[in-house]
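Protein chains in written order, with our numbering: chain A, 1 to 355; chain B, 356 to 678.
Possibly wrong hints are sitting among the right ones.
Partial pick of chain A residues on the chain B-facing surface, computed with a CB cut under 10 angstroms [as the list claims (entries may be wrong)]:
1. Thr159
2. Ser166
3. Val204
4. Val206
5. Leu207
6. Thr209
7. Val210
8. Val211
9. Ser214
10. Thr300
11. Leu327
12. Ser330
Everything labelled a hint here was simulated from the structure, so no lab data went into it. This structure is a prediction, so every number in the text was calculated from the model and none was measured. Think of the CB as a built atom: it goes at the ideal place given N, C-alpha and C, for glycine as much as any other residue.
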Amino acid sequence: MTVYLIRRLFQAILVLLFSSAVIYSLFALAPGGPLDELRQNTDPKSRPSEADIQRQAKLLGADKPWYLWYPTWLAGDTWLDKVGLEQYVGERKGILRWDWGTSWKFQRNAPVLDIIKDKLPDTLWLMITSTIISLVLGIPLGVFSAVRQYSFFDYILTTFSFIGLSLPSFWFGLLIIAVSLWFKRNGWFYFPAGDILALRNYEVPVLGTVVAGSFLDRVMHLVMPVTVLSMLNLANWSRFMRASMLEVLSQDYVRTARAKGVKERVVIYKHAFRNALIPLITIIVFAIPGVFGGALFTETVFNYKALGFTFISALNLKDYPLAMAFLLISSILLVFATLLADVLYTIVDPRIRLD
Amino acid sequence: MAVSTTQVEAREAKKEEYERPWLEILKRFSRHRFAVASVVVLFLMIVAVTFGPLFMPFGETDTAVTKKDQPPGTEYVVPKNLYYNSIGGDVRTAAGTTLTFWLGSDGIGRDLLTRLLYAGRVSLYIAVAVTLLSELIGIIIGVMSGYFGGLVDAFAMRFVDFLNTLPLLPILLIISTILEPTVNLLILILVFFSWTGGARLMRGQILSLREQEYVSASRALGASNLRIMFRHLVPNALAPNIVNASLALSGVMITEAALSFLGFGVKLPSASWGNMLKGVNTTILEKYTWQAFFPGLAIFICSLCFNFIGDGLRDALDPRAKR
């Protein structure tokens, strides 16, 4: 087990190094960059001189040739004079020494890590709420429709999950925004669309005045994005749970339990349900990297300015250090989740051995 | 005697079914009503997007400057001749004809239905091309990896593992930012990240099939590796991949739409269902809802059809698998 873990960890690190190298080198191929905008400024008064641009480039670390970008990002540039590249020596320490670099454009010169720390709580609110809601609803729905296979309820759930799977989440988001706008126009109860918190107090029928920045305000803004995310997860997870439950219910030991006269309730909830939960480990564990990457579209549609939104903005602004940090964190989380799922399986299911 | 005749007939019918497995599959498929309906709907949509634009009075980029943001059903008198293409040629619609925006017009006065049909060509083309190519690559790599085993297998599967540890959406977004792909390049990028599922499925099938007697038999008869793989193994292992492909179609379609929606997929001015939703804001949602409604509805219907057909195919091709 220990040997296996060490080997897997080693592999994971290699994968991370390799993938980040490939992607970081690809950035060099990208047209445009943070300095193009400075060059395009034609106003004679504020037009930066070539020296200004060079200084800015050095500050951002964009003055280096492309093959030095990745080493700099990885290991910093304080050591470059030792390999004969004195002109590129700087003060960066590199990701290996916990220097995540500074943003090029999104918030110029702000440390990338600060930006992420700043945005993370809002994403966590969104993702944790929707994950919990989907699990709390999805597990019972899946179990129930497996127990009553081919019943009316089962058909309804299957149809619902097909619809959920086929619904483009961003379009679903747009639709419920349209509905809430229509409710608002008619003076009915509505949920506000856009932003994480309101800037000033607003009136909602039934609830009265909602104070900007209060907990209620946050909840009001969360309802619609959480609905969209949960709808997507619910469709997937309830189907998954149903399949897993059906699998377990067809096992021999369930038949044995029934044959020896155990009550149906006990068979289902003690014998079958507990074992049917095992494959759910995958889903729960892979929800962790999903926290980082899962809400890209939903956050954009709802103008919910958290991590996913920041990543999209960073890409649009060609703010590569910020985009790279986002990618690195989600890769690490994904690798970590894969490993964690494997380990958890061996703990929960003694039949599985890793070696 | 009457009884014996019926028995004979029954036996003969059974024999016929046995000889024509495709008929049996078709019969099982047709039992899934949603799947059959989906085939019809999808067929109609494909016919519409393929031939529809030829019969539309508007071209893809024709604008009616005076008729921006018109609701569905608005009538419009064409002020000047519309041509088949922007550099002239045959008259498509003569000046003075009264036309109707059946699904309304968009923000710069283009007919939404026309745009929708042209966009459907792009979206369906991408979905089908990506799925076919990635299944093809997946099948070839899966067969080789399962059949030869050893180093080939180890190398291929490590590569699959590597691709699977990459966070798909962020990577796709980053690559599209960097390469600013055309439609065909976009297809290649999507293929690069989506062939792994098919490869794994195929490999699993081949691993169990290659030990069967008929493989040894054909090897004893002197069949080459290529012949064993592609004449004997692949046809027998294809069913799960067919199901996988039809379900993947829906995923690819939604992914492409989402990328285009964010501006990272199909670039304007060519339309795809995803990028028709690009730039939808609260004003459009409140006043011109049809502009946001119809493109999304098209994506939804298509991907629902793909999912139902996949489900029907699973019932038809793998009768042991319970839904």
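Tell me, in ascending order, the numbers of any earlier hints that this structure violates. Numbers 3, 4, 5, 6, 7, 8, 9, in rising order.
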